[in-house]
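*Asks:* Turn these sequences into a full structure, and let the hints steer you where they fit.
Next come the chains, spelled out residue by residue.
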Amino acid sequence: MPEPTPNVDGGDAPSDDPVSDGESSDSGVRIDMISGARMQGLTSMEKIRLILDGVRDGNIVILEEGLSPDEESKLIEVTMTEISPDDFTGIEIETYPKAEASDQSFLDKLMGRESAQKLTVIGPANRIETLHKDENLISTLVSRK
Amino acid sequence: MGLLTNLKDSISRVTDGLFAAEEPKRIGIYGPPNAGKTTLANRIARDWTGDAVGPESHIPHETRRARRKENVEIERNGRKVTIDIVDTPGVTTKVDYKEFLDHDMDKDDAVRRSREATEGVAEAMHWLREDVDGVIYVLDSTTDPFTQVNTMLIGIIESQDLPALILANKTDLPDSDVKQIANAFPQHETIPLSALEGENMDEVYTKIAEYFG
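Quick mapping for you: the protein sequence lines, in order, are chains A and B.
For the first sequence, numbering that gives the first Met the number 0 gives the first residue as 0, with consecutive numbering after it.
For the second sequence, numbering that gives the first Met the number 0 gives the first residue as 0, with consecutive numbering after it.
Hints were generated in silico from the structure; no laboratory data involved.
It is possible that part of the hints are untrue.
[To be verified] Lysine-lysine pairs mimicking DSSO-like chemistry, simulated, CA-CA at most 27 Å apart: (1) B:K68 / A:K117; (2) A:K132 / B:K68; (3) A:K73 / B:K178.
[To be verified] If you want a taste of the chain A side facing chain B, the calculated C-beta under 8 Å gives, among others: (4) P68; (5) E71; (6) E76; (7) T78; (8) T94.
[Unchecked claim] So these bits of chain B aren't anywhere near chain A, every CB distance computed over 10 Å: (9) E22; (10) P23; (11) K24; (12) N33; (13) P54; (14) E55; (15) K68; (16) R78; (17) T141; (18) Q147; (19) E157; (20) G197; (21) N199.
No residue lacks a Cβ here, since even glycine has one placed at the ideal position from N, Cα and C.
*Replies:* Here you go:
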């Protein structure tokens, strides 16, 4: 089993952190919705750890603002290193397809910055299945353990 | 002394520039598993060097290591482009050894193949971030291109400002739908081809010279 998520946001009561305590009910599906504000102060690896620890506990993780392309690339890479037979088969991840950079501010465009603001759903590959996806709708089936 | 050092630096910069200009660009062939990446890599390598890059198979994750074919010289319209082709493992976010059991493998072989496949995908991602100068993105035109892996990989490629050529492969199959691929990534040009049958390779080589030359 993975180690519990470290107290990545620098709070002073890690044991009370609902995202990091790894609790998951056998009778239901736990969903962690992580705000952009919470992710903002984390390094790329801290974000990836937060996501993967949650997903490896069987939770569905929803990110308000998603990851940057570079972080997505690292998420795939780290996920691959953690896959093991009969334990963890990887992740299912869904975001809305990029709509022609319409969510970029003028300053972002001027500076050549990519906007990472896109709702992202991540779950264990053996528990989440995408039924339909288009630019406006992501429909997924989540099964219990 | 200072003048001599400056002169030496200038000469060094000029010679470095000359050699850098001659260095072949590394072009990564990326895409999801079973899109025909190795078939394309072999087609290009055979057409211009006479050798193959690696074995092809209908079983997913046949390519589990990035393989490089160096100094492939492509001539197009009087222009010569030298590239290194890097055939990469199909990118995915999940690998389950049980999927390989359907392909006449025992559990040990399936587990070993899945482990190698995960290492290969991690390696492919590393190459994409660090070691390629351009990308040929291969898609199976008989399947839905609106997958998360495709969306993410195209996003990663674009964020690195790498020149990218999108190929809609398997046009020899009756279910091929090139328009679907073009609609999925309208910001890029989509070139149809059948790497297996060698259809439309002339246009592919013209585009390779144009994009990576």
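*Asks:* If a hint holds in the structure, say so; if it does not, say that too.
*Replies:* Status of each hint after checking the structure:
1. B:K68 / A:K117: violated, 38 Å
2. A:K132 / B:K68: violated, 37 Å
3. A:K73 / B:K178: violated, 31 Å
4. P68: holds, 4 Å
5. E71: holds, 5 Å
6. E76: Nearest chain B Cβ about 4 Å off; hint holds.
7. T78: With a minimum Cβ separation of about 6 Å from chain B (threshold 8 Å), the hint on T78 of chain A holds.
8. T94: Hint on T94 of chain A: holds, closest Cβ of chain B at ~7 Å, below 8 Å.
9. E22: Since the minimum Cβ distance to chain A is about 25 Å, E22 of chain B lies beyond 10 Å and the statement holds.
10. P23: For P23 of chain B, whose nearest Cβ neighbour in chain A is about 24 Å away, the distance exceeds 10 Å, so it holds.
11. K24: holds, 20 Å
12. N33: holds, 17 Å
13. P54: The assertion about P54 of chain B holds, with a minimum of 22 Å to chain A.
14. E55: Holds: least Cβ distance 23 Å, greater than 10 Å.
15. K68: The claim holds: K68 of chain B sits with its nearest Cβ about 24 Å from chain A, beyond 10 Å.
16. R78: holds, 30 Å
17. T141: Per Cβ check, T141 of chain B is outside 10 Å of chain A; nearest 18 Å; holds.
18. Q147: violated, 5 Å
19. E157: violated, 7 Å
20. G197: holds, 32 Å
21. N199: holds, 27 Å
Violation of the numbered hints given earlier is confined to hints 1, 2, 3, 18, 19; the remaining hints are satisfied by the structure.
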